[in-house]
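Visitor: Let's have the full structure, built from the sequences with the hints guiding it.
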Amino acid sequence: MGEEQLNVKSGRFSLLVSALIIVGITVTLRSTNNMMITTMPIFSKDIFNFSNVSVGELTALTYATTFLTTLLLNPRLESAQRRRIFIVSIAIIDVSLVLLYFSNSISIWPIAALSGVAFGMVFPNLVTSASLHGDHRAQMRLLAIYSVSLSLSLVIGPVIETFILPLVGYRGVFLAFLPMGIIGTAVSPLVRFPQGGRERRGRKTLGNRSLHASLLSISVYNVPFAAITSFLVIYAEQNYHVSSSIAYSAFIVFFASSFTTRLLLALKPIEGLRTPLVISSALTVASLVSIPFIPSFYAFLVVMVFMGIPHGSIFPITTMMIARGTEPEERNAANSYFMAYNNILFMIIPVVFGYLSSQIGFHHDFVILGIISAAFIIALMIIYGKERKIFYRN
Numbered sequence: 004m005g006e007e008q009l010n011v012k013s014g015r016f017s018l019l020v021s022a023l024i025i026v027g028i029t030v031t032l033r034s035t036n037n038m039m040i041t042t043m044p045i046f047s048k049d050i051f052n053f054s055n056v057s058v059g060e061l062t063a064l065t066y067a068t069t070f071l072t073t074l075l076l077n078p079r080l081e082s083a084q085r086r087r088i089f090i091v092s093i094a095i096i097d098v099s100l101v102l103l104y105f106s107n108s109i110s111i112w113p114i115a116a117l118s119g120v121a122f123g124m125v126f127p128n129l130v131t132s133a134s135l136h137g138d139h140r141a142q143m144r145l146l147a148i149y150s151v152s153l154s155l156s157l158v159i160g161p162v163i164e165t166f167i168l169p170l171v172g173y174r175g176v177f178l179a180f181l182p183m184g185i186i187g188t189a190v191s192p193l194v195r196f197p198q199g200g201r202e203r204r205g206r207k208t209l210g211n212r213s214l215h216a217s218l219l220s221i222s223v224y225n226v227p228f229a230a231i232t233s234f235l236v237i238y239a240e241q242n243y244h245v246s247s248s249i250a251y252s253a254f255i256v257f258f259a260s261s262f263t264t265r266l267l268l269a270l271k272p273i274e275g276l277r278t279p280l281v282i283s284s285a286l287t288v289a290s291l292v293s294i295p296f297i298p299s300f301y302a303f304l305v306v307m308v309f310m311g312i313p314h315g316s317i318f319p320i321t322t323m324m325i326a327r328g329t330e331p332e333e334r335n336a337a338n339s340y341f342m343a344y345n346n347i348l349f350m351i352i353p354v355v356f357g358y359l360s361s362q363i364g365f366h367h368d369f370v371i372l373g374i375i376s377a378a379f380i381i382a383l384m385i386i387y388g389k390e391r392k393i394f395y396r397n
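The sequence shown begins at 4 in the working numbering and counts up by one.
Since the hints were derived computationally from the structure, they do not count as laboratory data. Just so you know, not all the hints are guaranteed correct.
Listed below are the simulated DSS-like cross-link pairs for lysine-lysine, each with C-alpha atoms no more than 30 Å apart in a straight line [stated by the list, open to error]: (1) Lys207 with Lys389; (2) Lys207 with Lys48; (3) Lys271 with Lys389; (4) Lys207 with Lys392.
Guide: This is the structure we're talking about:
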């Protein structure tokens, strides 16, 4: 009995240590990542006078290099190699922050590409690390904690930027986030990687139906979110005639809502995934199609609160699908393909959205995004809706 209690305490301590490491590195790196992704578009538009199309192309470049790293490099490396490159990549992010401070309209392009490569080695390995715990409930708990950490970072980052932007300007914001990047570099050697064994990748992993279902599920939200990331501040500035700092505050309520949703999922993990996914999808579609009819910036903030709920729920649901439907030796590859697909969305959507906004206006763009989101959830339910093993724990 004493040995059993010791094992329980040891397991809880291991879970606590893993959780603290995941929270620490995720918050610092995702805050920095989100700041760079959301600030470079408005920075390039206001400082370098980029057009909406060029803004979309800059964002697409960042995600293109992330995509190539995630798809072609990360799955092909053994665990020990990934760990070394993971640590180096976080140091490269620190360097990118300094380079952005000194950037011009030409140099910002290779800097964006470099940061994309670095982030492509970071996030697939973080989500894999969160799913490595042997106990099922602990695994679900760590994935939920990882998701909460993502949302927490997306609250902290915009709060910091909203506060310091009027004081230091866009260039100063990049340096202001450098201490967070340095913390990430210091914590990076503690992140857990798979130990021993030969990892699996390729056609068998690509053919996994849980992975396919997760890709359709994440498309419901990440198609519109890819556009929101690049153009939310610009849209609020142009449509409601508010300052950049006030417009950026829309991200605060958006990510605060997301964080609250993920915190609830961490406190009370869900077993059945289908119903929460359908509700979140309906909320996404309704919010998007309502945007053209929003009369004021304050009403816009209310809609951002509702948009934050599916942002908080759909990502954890999709990572649970992958964790439940894959073996540990193929999970890194599955998470890499999953992240690569998301990078495709963030590579294509900003360019298309930026082009359409110059042709038909932002209002029609958001309605089109709502229709696309509806199509993805309908396709998911038609193809996989009856497969219980995808939506429920076996």
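Visitor: Does each hint fit the structure? Answer for all of them.
Guide: Quick rundown of the hints versus the structure:
no., hint, verdict
1, Lys207 with Lys389, "holds, 22 Å"
2, Lys207 with Lys48, "violated, 44 Å"
3, Lys271 with Lys389, "holds, 25 Å"
4, Lys207 with Lys392, "holds, 18 Å"
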